[in-house]
Amino acid sequence: MRGGNLWQLGQSITRRLAQADKKAITRRSFASEAEQKKTVLYDFHVAHGGKMVPFAGWGMPIQYKDSIMDSTLNCRENGGLFDVSHMCGLSLKGKDCIPFLEKLVVADVAGLTPLTGTLTVFTNEKGGAIDDSVITKVTDDHIYLVVNAGCRDKDLAHIEEHMKAFKAKGGDVSWHIHDERSLLALQGPLAAPVLQHLTKEDLSKIYFGEFRMLDINGAHCFLTRTGYTGEDGFEISVPSENAVDLAKAILEKSEGKVRLTGLGARDSLRLEAGLCLYGNDMEQHITPVEAGLTWAIGKRRRAEGGFLGAEVILKQIETGPSIRRVGFFSSGPPARSHSEIQDEKGTSLGEVTSGGFSPCLKKNIAMGYVKSGSHKAGTKVKIVVRGKLYDGNVTKMPFVPTKYYKPS
Amino acid sequence: MALRIWASSTANALGVSCASKSHLSPFSLSRCFSTVLEGLKYASSHEWVKVDGSVATIGITDHAQDHLGEVVFVEVPELGIPVTQGSSFGAVESVKATSDVNSPISGEIVEVNSKLTESPGLINSSPYEEGWMIKVKPSNASELESLMGSREYTKFCEEEDAAH
Numbered sequence: 001m002r003g004g005n006l007w008q009l010g011q012s013i014t015r016r017l018a019q020a021d022k023k024a025i026t027r028r029s030f031a032s033e034a035e036q037k038k039t040v041l042y043d044f045h046v047a048h049g050g051k052m053v054p055f056a057g058w059g060m061p062i063q064y065k066d067s068i069m070d071s072t073l074n075c076r077e078n079g080g081l082f083d084v085s086h087m088c089g090l091s092l093k094g095k096d097c098i099p100f101l102e103k104l105v106v107a108d109v110a111g112l113t114p115l116t117g118t119l120t121v122f123t124n125e126k127g128g129a130i131d132d133s134v135i136t137k138v139t140d141d142h143i144y145l146v147v148n149a150g151c152r153d154k155d156l157a158h159i160e161e162h163m164k165a166f167k168a169k170g171g172d173v174s175w176h177i178h179d180e181r182s183l184l185a186l187q188g189p190l191a192a193p194v195l196q197h198l199t200k201e202d203l204s205k206i207y208f209g210e211f212r213m214l215d216i217n218g219a220h221c222f223l224t225r226t227g228y229t230g231e232d233g234f235e236i237s238v239p240s241e242n243a244v245d246l247a248k249a250i251l252e253k254s255e256g257k258v259r260l261t262g263l264g265a266r267d268s269l270r271l272e273a274g275l276c277l278y279g280n281d282m283e284q285h286i287t288p289v290e291a292g293l294t295w296a297i298g299k300r301r302r303a304e305g306g307f308l309g310a311e312v313i314l315k316q317i318e319t320g321p322s323i324r325r326v327g328f329f330s331s332g333p334p335a336r337s338h339s340e341i342q343d344e345k346g347t348s349l350g351e352v353t354s355g356g357f358s359p360c361l362k363k364n365i366a367m368g369y370v371k372s373g374s375h376k377a378g379t380k381v382k383i384v385v386r387g388k389l390y391d392g393n394v395t396k397m398p399f400v401p402t403k404y405y406k407p408s
Numbered sequence: 001m002a003l004r005i006w007a008s009s010t011a012n013a014l015g016v017s018c019a020s021k022s023h024l025s026p027f028s029l030s031r032c033f034s035t036v037l038e039g040l041k042y043a044s045s046h047e048w049v050k051v052d053g054s055v056a057t058i059g060i061t062d063h064a065q066d067h068l069g070e071v072v073f074v075e076v077p078e079l080g081i082p083v084t085q086g087s088s089f090g091a092v093e094s095v096k097a098t099s100d101v102n103s104p105i106s107g108e109i110v111e112v113n114s115k116l117t118e119s120p121g122l123i124n125s126s127p128y129e130e131g132w133m134i135k136v137k138p139s140n141a142s143e144l145e146s147l148m149g150s151r152e153y154t155k156f157c158e159e160e161d162a163a164h
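Going line by line, the protein sequences match chains W and B. Each residue of the first sequence is one higher than the one before, starting from 1 at the first, in full-length UniProt numbering. Each residue of the second sequence is one higher than the one before, starting from 1 at the first, in full-length UniProt numbering.
Derived from the structure by calculation, the hints contain no laboratory data. One should not assume that every hint holds.
[Stated by the list, open to error] Cross-link-like lysine-lysine pairs, in silico, BS3-like; alpha carbons within 27 Å at most: (1) Lys403/W <-> Lys248/W; (2) Lys371/W <-> Lys345/W; (3) Lys388/W <-> Lys115/B; (4) Lys362/W <-> Lys115/B; (5) Lys115/B <-> Lys382/W; (6) Lys38/W <-> Lys200/W; (7) Lys115/B <-> Lys137/B; (8) Lys253/W <-> Lys200/W; (9) Lys115/B <-> Lys363/W; (10) Lys155/B <-> Lys65/W.
[As the list claims (entries may be wrong)] From the structure, some residues in chain W lie toward chain B, with a derived Cβ separation under 8 Å: (11) Ser268; (12) Pro333; (13) Pro334; (14) Pro359; (15) Leu361; (16) Arg386; (17) Gly387.
From the three backbone atoms N, C-alpha and C, an ideal C-beta is built for every residue, glycine too.
All chains, please: the whole structure from these sequences, using the hints.
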């Protein structure tokens, strides 16, 4: 995702502390408490019982009054409102902004219809993922994108470096970082009916992946029908001075059914939806092909290449990757990241990268990387948790069916 | 051990530790009023021990289960295994976090609560009764003196919450 590396932090800290790796711990805790950034909704979260935790340099609500279990279920039954203002919204402008961006991502940006977007991956020269991002073509000379909070500095430096070189060759591109805006995600079956109360635009005409600039609750917003929960819903970029009012209005219009939902439930939701958390399920050394995101590499891009690491990635598409991201159901304790995956003979196949107890399915789900050949649904594996072997099964993802709003 | 940890500031990142104490929302209020029973002894890693004749029963405290959230899996040890004061003998898994559980005293395990395998939620619903984890034959009675009483433990929890 979309969000940073909470889960990883939680996981690694738990296990590491058990091994008394005290150095790493102290460093992390100091860094996290001292220089925490706050979104404009910080006090609003606290007033609503938010338990604030450090996350990718921000103080963010991990949960509110509800348990993570209830909060996850409520998002799927009714709806959840998430503050995702820590994520970095960015506009690329200029008549060459599309060829510029296409150098850095695997998506067919030129081929996108205006006012539509897609999930994509920023790649490095080795074909590894620098970050995942949702990008939208607003017009032919304006791209709007959102990158992960935890990758912000790295991504911006990467984009800037390439932008300088591109401009030096006469390319027309500039950027604007939307630090004047906040980002809310409204997800779940009530997202559309509730939001419809607050705007004149007919939301039934905006489908999954589509984008509009419009007035919501009296403020000029960027609306994307997307999210990271597997549910129908929206991400709303709102001027920061209007963010608290909008959050209040959404909660009010839903008559309490849409609830503030924290990072804990967000992580359960995205895992159930089979979506990657950058930093866990996707990293610098993992290619989009290995991560199961080959679908995000446009047809034209496969034919032409022209993005960083294209040679590696296109070769992998041709010959098949040596490792693949897959889902698992498992018995025993929930598998967590870095749990080893073995075949039935005890040979190591790879590692779990995210895992937990699914609030919706009431059983353990996980995703991780295995050697190709062991990636087919139904393959029996063993997952090692605290030195004990537990039965697992390779499973198709998403674990919970997605409900994106698409034209019928 | 992790139980100890998430109670520390580090584990903020785990998200299981930190009610925002300065704001008296109902949520954090409930945290201040976790049940602490008299007559039990408590470890700073949030386990309790109750001595009854030659057998000591051990579990995690109400405060601990409250911070952890819904418990979805409990790993209990096998019978006859020795436990050492301060060392992990099992683990408790919630939706989001894994916490090792330490033994507050040393001894030999004479009984484990097998109900927890099927009903891990007993840790949440009844941390001091049905959610007990192991029974131990203590090997060193003096270890009990190093543990906190109910009043001391209540204060300990309050201070720990306030630190976050």
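Which earlier hints can't be squared with this structure? 6, 15 and 17
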